[in-house]
Amino acid sequence: MEETEGSLSKPVAVIACIAMTFFYVAILYVPTLILRLPPPQSYENFMIRRFICAAVCSVASVIFCALVLPIRNGEPTYSFAVYGIRSDHFWQAMVFPLFLTSLMYAGSLMLKSMLLLNMWKERRHQYGEPLFGCIKSTLLCFPGQVSSVASNVLFWRNFIVAPATEELEFRACMIPLLLCGGFKVYDVVFLCPTFFSLAYLNHVMEIYNRHHYSLLKASMVVRLQRGYTVVFGSYASFLFIRTGNIVAPLVAHAFCNYMGLPVLFVQRKGLVSMAFVTGMISFGGLLFPLTRPDLYNENTDNCRCWQGYCSWN
34 MEETEGSLSK PVAVIACIAM TFFYVAILYV PTLILRLPPP QSYENFMIRR
84 FICAAVCSVA SVIFCALVLP IRNGEPTYSF AVYGIRSDHF WQAMVFPLFL
134 TSLMYAGSLM LKSMLLLNMW KERRHQYGEP LFGCIKSTLL CFPGQVSSVA
184 SNVLFWRNFI VAPATEELEF RACMIPLLLC GGFKVYDVVF LCPTFFSLAY
234 LNHVMEIYNR HHYSLLKASM VVRLQRGYTV VFGSYASFLF IRTGNIVAPL
284 VAHAFCNYMG LPVLFVQRKG LVSMAFVTGM ISFGGLLFPL TRPDLYNENT
334 DNCRCWQGYC SWN
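In the numbering used here, the protein residues as written are 34 to 346.
Careful, some of the hints might be misleading.
Below, in silico cross-link-like pairs of lysine-lysine (DSBU-like), each with a Cα-Cα straight-line distance of 35 angstroms or less [stated by the list, open to error]:
1. 302 to 145
2. 302 to 154
3. 217 to 43
Treat the hints as calculated values from the structure; they're not laboratory data. Since the model is a prediction, treat every value here as computed from it, not as a measurement.
Taking the hints into account, I'd like the entire structure generated from these sequences.
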């Protein structure tokens, strides 16, 4: 990508990102501290309030960026494309990043497969059920399990609301601001996650109050979370910049929330370690080829992404 003069100054872009970060955190406390609403009667009601607050914040951030960014073309399709909200190349933006992300979890997936196979073997020995019958019963139970999980508020938080609002806030809105402010692409990849990690500082008091940890222990837990969010945030920013499509970091975010931290090794299970190493080597080799901008855009020389950053190579 050729260096171009930013339409905003760097300080203005940074201040805007910091303001959006603290607004994202502060709005979560609006119902109790400002609106003085009574405490929610259940955890589900508490989370629904947070869902509404996060959605309001995301919409407000999009409007704010639309006012700050010098978007010359008022066509809705172009304006939405600035935030990576596009209908074209949807399947590429979903499948390739999801496959790429799964390579980092090759050890975890191997472990899950081994545990599932052991469960089938135990059922076969205990009930005399053939292996095909075990597989069939597992598949038949799958729709019911999905239905049960989908009715859980944690499912909506981890796989729908959190990925959608956080990617819209910390990738789709902030990356155009930073690029427009004149920051280089590589700087944005590592700068944007810093703002993302700041949003986790409010978790110190939540962990302290909810789990009755000491303040030191709560700070250590949040420090670990922040380290993980910086690593993931850099990867998500990389995906957004390379693909120009918000779907790419969104599916990666949801998948990582489901898998948790990658399994590096398990005692007496060398296959897990081998799978992890193989997956990471494959991830490193396929990272750039599977995020080639031309896979996600018809014409990278004249693409609709902000400042043409899809042409970065």
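Cross-check of the supplied hints:
1. 302 to 145: OK: residue 302 and residue 145 at ~12 angstroms, within 35 angstroms.
2. 302 to 154: Holds - the C-alpha atoms of residue 154 and residue 302 are around 17 angstroms apart, at most 35 angstroms.
3. 217 to 43: holds, 11 angstroms
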